[in-house]
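J.: Top line first, the protein sequences correspond to chains A and B. Position 347 of the first sequence, counted from 1, bears residue number 347 in the numbering used here, the numbering being contiguous throughout. Position 27 of the second sequence, counted from 1, bears residue number 27 in the numbering used here, the numbering being contiguous throughout.
In case anyone wonders, no lab produced these hints; they're calculated from the structure. Be aware that one or more of the hints could be misleading.
One copy or two, it doesn't matter: identical chains are merged, so the pair holds either way.
Unchecked claim - Simulated pairs of lysine-lysine, DSS-like, Cα-Cα distance not exceeding 30 Å:
hint	residue 1	residue 2
1	56	220
2	50	315
3	380	32
4	16	83
5	16	372
6	315	28
7	77	156
8	341	76
9	301	50
10	380	50
11	16	183
12	28	341
13	16	301
14	341	16
15	56	32
16	28	372
17	23	44
18	44	301
19	56	156
20	43	341
21	28	124
22	43	124
Chain by chain, the residues:
2 protein chains.
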Amino acid sequence: MNNYNFCVPTDIRFGKGQVECLKTEIGKYGRKVLLVYGGGSIKKTGLYDKIYEVLKDFDIFELSGIEPNPRLSSVKKGAELCKERGIDVVLAVGGGSTIDASKHIACAAFYDGDPWDLVLDRSKVTNALPIFTVLTICATGSEMNPGAVISNEETKEKLEINHPMLYPTLSVCDPTYLFTLPKMQTAAGTADIISHIFEQYFQPNDGAFITDRLSEAALKTCFKYGPIALSEPDNYEARSNLMWTSSIALNHLFTFGKGGAWSVHPMEHELSAFYDITHGVGLAILTPAWMRYVLSDVTVKRFAMYARNVWDVAKEDDYEAAEEGIRLTEQFFVDMGLPMKLSDLGLDDSQFALMASEAVRTSGLAARSYVKLTAEDVEKIYRSCL
Amino acid sequence: MNNYNFCVPTDIRFGKGQVECLKTEIGKYGRKVLLVYGGGSIKKTGLYDKIYEVLKDFDIFELSGIEPNPRLSSVKKGAELCKERGIDVVLAVGGGSTIDASKHIACAAFYDGDPWDLVLDRSKVTNALPIFTVLTICATGSEMNPGAVISNEETKEKLEINHPMLYPTLSVCDPTYLFTLPKMQTAAGTADIISHIFEQYFQPNDGAFITDRLSEAALKTCFKYGPIALSEPDNYEARSNLMWTSSIALNHLFTFGKGGAWSVHPMEHELSAFYDITHGVGLAILTPAWMRYVLSDVTVKRFAMYARNVWDVAKEDDYEAAEEGIRLTEQFFVDMGLPMKLSDLGLDDSQFALMASEAVRTSGLAARSYVKLTAEDVEKIYRSCL
């Protein structure tokens, strides 16, 4: 196992009705709350009204309309509001995009220049408002980690800001809030969770046995409950298992003692930066293509291990087992109703070369990923998804 | 899954050489350090000198001689020292006993009455000094949780104090410190880790799929690496996997969405309170006996699941699978060189009735454990271990 620092201070309040705790918990930090949310689905579900009921003694200011790939312009608006109104707490009610924007707002509130500076140079993050979250989509794990991915619409960059000050103080994870999720968001969210685990599992370090076994436990959970959540949206057992798996899938537990740069996420970030497609959909399309591209004598043992331990594939030959594992993974995404070709989304190859070079430039793909990939490799992977 | 609150703020510094961080990290809290340790093995291994080297700019006061089942009298001495010297930080260097005593000292430093009051009534815990730990035995998980078990030598009680303020601020977990552990401590420590996972795994809630799978991952890790650590004491992979498994085995991860009172620990606490035996040895003796005693039509499915998922038992009949799983568990402890009878430790049945009633009185055994046990049941289990 590699040396590893692990510190996840977020207070998780998991389960039905936990939103009630916000009154007491936010109250410890002040009365002025910036409520951040997305397109308004929380108004339809009644959660918006519930938040106002729980926080009836607070001064609530609003920033709505956070985009699915949250934009710098929204962050700028939020940071201005925090400064103008003397906000005490940022409360994100939504999914990963809303939470990510809120994290960036929370630190931009203490910064005088362009908030994008903080993305480009994290040493400029010197303070952050307390961040509270109420999770309505399980996918990104942002509710229990210190990262946020922000899109700069001017430069077409989609980059991560990551700082220990950006751990949410407290996250309410109530699985009943997932009951009303559209099928496509359930499917794409599950694909995102799975991809997070893959990014950490498919790394060269073989000595972190415990971490690999924990990761397989989480993958099994996604493969079991993803289809149930799709066919029975109000199945509490399915939603709760997926919700908690989502949080721990990206809180460093599955990379403990390991390391290395991610592979599929940087390739997908270019897709959603250029075409604004749903992140989880892009991941589902790219993942099997990436797996097939990097399968080799060097990687086959780990892919076979994945197939046997997660899918109970019984084939003795490593290549046969690995290929069966990849096929089952792809079939899972198909069964979840996800589009499996970039052409299904209306994309052509006109931007592939540029996207590939950007993916390599802005990530560790060429230097530190499981199988190092050049821009040429990435372009080939994009092309195999047409 | 049951509702669950999860918040583990301890900063884990895992791996070789991490002790160096203490200078910077303790320095954030002050210069006066109470160094707490046990019987002096840290002097033999050189760790004591290393601590003084790293903290050469600090004022170090010492409390040594912490007992394997840490005693209230030691806590009293430590708390007095903190008050007299104006200690800023308590630094525990050792295993669970040293850390547990340090936690109790850290909160007793702010309490004017008998520190035992804090054990009996946790609402009296109002503050605690920052607790730092350097782990030299992996077993109790105390380095990453807010609990401490203290023995009151006058009343022969062994009870837990548990409070969010008692999470260590930072724990150094360097697997190389385990290289010099005596075989018996490696074996007993591994039994303790395994028992912690069992206590959470064998509970009636079947809906926490992710938690059960994570627990099985940790059990597999113990069963794989326990024997390796025993036969190759300086095997870094074995020591590191056991060390991290030990920390997460008792940081609430394996009880997330579940709950219920523990079974074997309360029975063992009486053994070590009455006879001062090694906690892990007592657990190894009691565990298979308890398993056989509670195996029934109600529990057989979970025991069979354990056997199949952890030990790859292929038997189709649930009872056959369950019994094979129990047999393999017992054989594992035998192979680890642990005594498997109370009579091997020189105990007779003279105190069984009293111990059994104490076990039930001071725990949730009769009300909230996996299979509810009366004092009569507990006495029968003790008796089956003679």
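J.: The structure should be examined with respect to each hint, and the outcome stated for every one.
T.: To see whether the hints hold, each was checked on the structure:
In the homo-oligomer, the alpha carbons of residue 56 and residue 220 never lie at most 30 Å apart, since the shortest distance is 42 Å inside one protomer and 49 Å across protomers. Proximity of residue 50 and residue 315 under a CA criterion of 30 Å is satisfied in neither setting, with 52 Å inside one chain copy and 51 Å between copies. Taking CA atoms no more than 30 Å apart as the test, residue 380 paired with residue 32 passes in neither setting, with 51 Å inside one copy and 60 Å between copies. For the homomeric pair residue 16 and residue 83, neither the shortest alpha-carbon distance inside one copy (34 Å) nor that between copies (44 Å) is at most 30 Å.
For a Cα distance limit of 30 Å, the shortest separation of residue 16 from residue 372 across copies, 28 Å, qualifies, whereas the shortest one inside one copy, 44 Å, does not. Within a single copy, residue 315 and residue 28 get their C-alpha atoms no closer than 57 Å, and across copies no closer than 55 Å, so neither meets the 30 Å cut-off. Taking the closest pair of Cα atoms, residue 77 and residue 156 come within 30 Å of each other only inside a single copy of the chain (19 Å); across copies the shortest separation is 63 Å, beyond that limit. Neither within a single protomer nor between protomers do residue 341 and residue 76 lie at most 30 Å apart by alpha-carbon distance, with minima of 35 Å and 68 Å respectively.
Proximity of residue 301 and residue 50 under a CA criterion of 30 Å is satisfied in neither setting, with 50 Å inside one chain copy and 41 Å between copies. Taking the shortest Cα distances, residue 380 and residue 50 never come within 30 Å of each other, neither inside one copy (49 Å) nor across copies (53 Å). With identical chains, the CA atoms of residue 16 and residue 183 are at most 30 Å apart within one copy only, with a shortest distance of 21 Å there and 47 Å across copies. Proximity of residue 28 to residue 341 under the C-alpha cut-off of 30 Å is found in neither arrangement, the shortest distances being 49 Å within a copy and 53 Å between copies.
Only between protomers do residue 16 and residue 301 lie at most 30 Å apart by alpha-carbon distance; the minimum there is 28 Å, versus 42 Å within a single protomer. Taking CA atoms no more than 30 Å apart as the test, residue 341 paired with residue 16 passes in neither setting, with 38 Å inside one copy and 46 Å between copies. When the C-alpha separation of residue 56 and residue 32 is checked against a cutoff of 30 Å, the pair qualifies only within one copy, where the shortest distance is 12 Å, while the shortest distance between copies is 46 Å. When the C-alpha separation of residue 28 and residue 372 is checked against a cutoff of 30 Å, the pair qualifies neither within a copy, at 47 Å, nor between copies, at 40 Å.
Taking identical chains as interchangeable, the C-alpha atoms of residue 23 and residue 44 lie at most 30 Å apart only when both belong to the same chain, with a minimum of 22 Å there against 53 Å between chains. In this assembly of identical chains, residue 44 and residue 301 lie within 30 Å of each other by CA distance neither inside one copy nor across copies; the values are 48 Å within and 43 Å between. For a Cα distance limit of 30 Å, the shortest separation of residue 56 from residue 156 qualifies neither inside one copy, at 40 Å, nor across copies, at 51 Å. In this assembly of identical chains, residue 43 and residue 341 lie within 30 Å of each other by CA distance neither inside one copy nor across copies; the values are 34 Å within and 64 Å between.
Both within a single protomer and between protomers do residue 28 and residue 124 lie at most 30 Å apart by alpha-carbon distance, with minima of 27 Å and 21 Å respectively. In this homomeric assembly, residue 43 and residue 124 never come within 30 Å of each other (Cα to Cα): the closest approach is 36 Å inside a single copy and 44 Å across copies.
Of the hints listed earlier, those the structure fails to meet are numbers 1, 2, 3, 4, 6, 8, 9, 10, 12, 14, 16, 18, 19, 20 and 22, in rising order.
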